[in-house]
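**Q** Single-letter residue listing:
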Amino acid sequence: MLKMGMPLGAVQNALKKEGRDANIINLDPEKPMSRQLQPKVEETKKEVTKLKGGNVARKRIHWNKIDESKLSADSFWNQAKEHSSLQLVGLDFDNEEFASLFTSPVKNHSNSEKPAAAASKVASKQKVQLIDGRRRMNGSILLTKFKVDYKTLARQVNAMEYIEAEGNELRGMLQLLPTKDESLALRSYLPPQDAPQSEIDEAIAKLGECEQYMAVMLDVPDVKDKFQCMVFRAEFVHLAESIKDGTKLLIEACESVKNSERFRKVLLYALKLGNALNTGGANEEVTAITLDSLLKLAEVSQTEHLVD
Amino acid sequence: MSIVQKNDEDVLKLSDDFVPVKAAERVSMEMLAQQLKEVQQGIELVKNVAKRHLPDSDVPVVDLPDDDILAATPMGQFALSASSTTQLLANDYADVKSNFADLLQFFGEETTMTPEVFFCTINTFVSLFDQTHKELKRKEEAKVSTQSVQYELNIHQYELSIHYYSF
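Quick note, the sequences are listed as chains A and B, same order.
Everything in the first sequence is counted per the working numbering, starting at 375 for the first residue and increasing by one.
Everything in the second sequence is counted per the working numbering, starting at 6 for the first residue and increasing by one.
No lab work stands behind these hints, which were simulated from the structure alone.
Careful, some of the hints might be misleading.
[Unchecked claim] With the Cβ distance kept under 8 Å, some of the chain A side facing chain B (calculated, not the full set):
no., residue
1, M534
2, E535
3, Y536
4, E540
5, G541
6, C603
7, F606
8, I625
9, E626
10, A627
11, R636
12, L668
13, K670
[To be verified] A few chain A positions that, by computed beta-carbon distances, are all more than 10 Å from chain B:
no., residue
14, A388
15, K444
16, L445
17, S449
18, T526
19, N532
20, D599
21, R607
22, G620
23, C628
24, S630
25, K632
26, V640
Just so we're clear, the structure is a prediction, and the values are computed from it rather than from any experiment.
Every residue, glycine too, gets a C-beta built ideally from N, C-alpha and C.
Whole structure, please, built from the sequences with the hints as guidance.
**A** Put into structure tokens, the structure is as follows:
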């Protein structure tokens, strides 16, 4: 699975689901398994004893993995791999501190008087977060405007149906589609596509708002193009009106200039006045003038006042 | 301005003819062309995507004309209607281009001049024209009031002189 490019965390999750020891993935395939497993078992025993027999949940980092095939031979990561083991084994660290920082005891409510619903409520609040915090926050703000269920939204996007949304909102949703890395993280978190639907739905329900949206959009084919079409559709009327208004204004302006008798008279007066002023000069008896020459009349007039 | 005023009072209302020109100087032909291109490209994208994702049908779509294929989906239907709207917009744009080219030719201006520059020149001239007219009007009013003061003074002096001679 690792060779296929699956992230380590995803492989460990898959092993756990099958009821196997997730740590087996960290072992060296060249050495005998029994020898490698022994100290681990002891360590685990110690931890368990320290936590007085309670179950522990280790915190997980859903980070984005760089595909090894993309790394150059002299990259830091390859050097790091060659020089040391990538596990904590052999490092000096305090087990207790490790446990206090990165694990939390899972309380068993089966004997308590509190109803199971309360426990599930707490669990439901702990959403799985797989994407960047800022992106998640912005996405959640955008998505709260849409009360529609994400599955329905995905179906509408797939069929490119009309969605009552502004162009910029759809553009926001387009930008919120999972990136390559986010898709990988989601795929590694979600059960395989051939898993029972209920299992997939359950996994999606545990995700945060944004991640839920991304998870359902993962399965919409050609989703980016479909969103672009929907954005275009939402913005088309405005864009078409803008072009129509622009062309209308220009046509009206052209007609008003061309048909203005008054303007023709002004041009004629200006020409006559200019010719009178220029008598005896180089520009004597001019028959046509550029329109910006009209602005020079004002300059002449102002100069005259200055001279006065 | 005074020549115009003395010869043709009606020409002073030049700005009344140019109301649409005021807004036209803010319209860019280049921008219109770009928007039109954007719309045409958008429609092509929509058509392609709509054709790629057709609902399951018993009729083999390859045998159908493009318009019939597009009419099968909501997005395809939109593409068809948007396409005809855009054709009208393209015709309007072509009209503007030819009207403006005619206008430049009519006034003997350079064919490369843009509508922004052309209409801006006219607007600047019209506002200077109106400004000068107001200035002239103000001066005339001042002159008239000076004259009336002078007239009253003259009458007063005349009355005084009558009074003097009556003695």
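**Q** Restraint: A:Y536 near chain B, CB-CB cut 8 Å. Satisfied or not?
**A** For A:Y536, the interface hint holds, since the closest Cβ of chain B sits about 6 Å away, which is under 8 Å.
**Q** Under 8 Å, Cβ to Cβ, is where A:F606 needs to be relative to chain B, so tell me if that hint holds or is violated.
**A** holds, 4 Å
**Q** At 10 Å, judged by beta carbons, does A:K444 keep clear of chain B as stated?
**A** Given that every Cβ of chain B is farther than 10 Å from that of A:K444, nearest at about 30 Å, it holds.
**Q** Please check whether the beta-carbon of A:L445 is more than 10 Å away from every beta-carbon in chain B.
**A** Holds, since 36 Å exceeds 10 Å.
**Q** Taking 10 Å as the cut and beta carbons as the points, is A:V640 off the interface with chain B?
**A** violated, 6 Å
**Q** Less than 8 Å between beta-carbons is the criterion; does A:E535 satisfy it with respect to chain B?
**A** A:E535 check passes; min Cβ-Cβ to chain B is 6 Å, inside 8 Å.
**Q** Compute the least Cβ-Cβ separation between A:S630 and chain B, then decide whether it is above 10 Å.
**A** The claim is violated: A:S630 sits with its nearest Cβ about 5 Å from chain B, within 10 Å.
**Q** Quick one, is the A:A627 hint okay against chain B at 8 Å, beta carbons?
**A** holds, 3 Å
**Q** Taking the least C-beta to C-beta distance, is A:K670 closer than 8 Å to chain B?
**A** violated, 10 Å
**Q** Given A:C603 as an interface hint, is the shortest Cβ-Cβ distance to chain B below 8 Å?
**A** With a minimum Cβ separation of about 5 Å from chain B (threshold 8 Å), the hint on A:C603 holds.
**Q** Given A:R636 as an interface hint, is its Cβ closer than 8 Å to any Cβ of chain B?
**A** holds, 5 Å
**Q** Decide, holds or violated, for the assertion that all CB atoms of chain B are farther than 10 Å from the CB of A:D599.
**A** violated, 5 Å
Hints 4, 5, 13, 19, 20, 21, 22, 23, 24, 25 and 26 from the list above are not met by this structure, while the remaining hints are.
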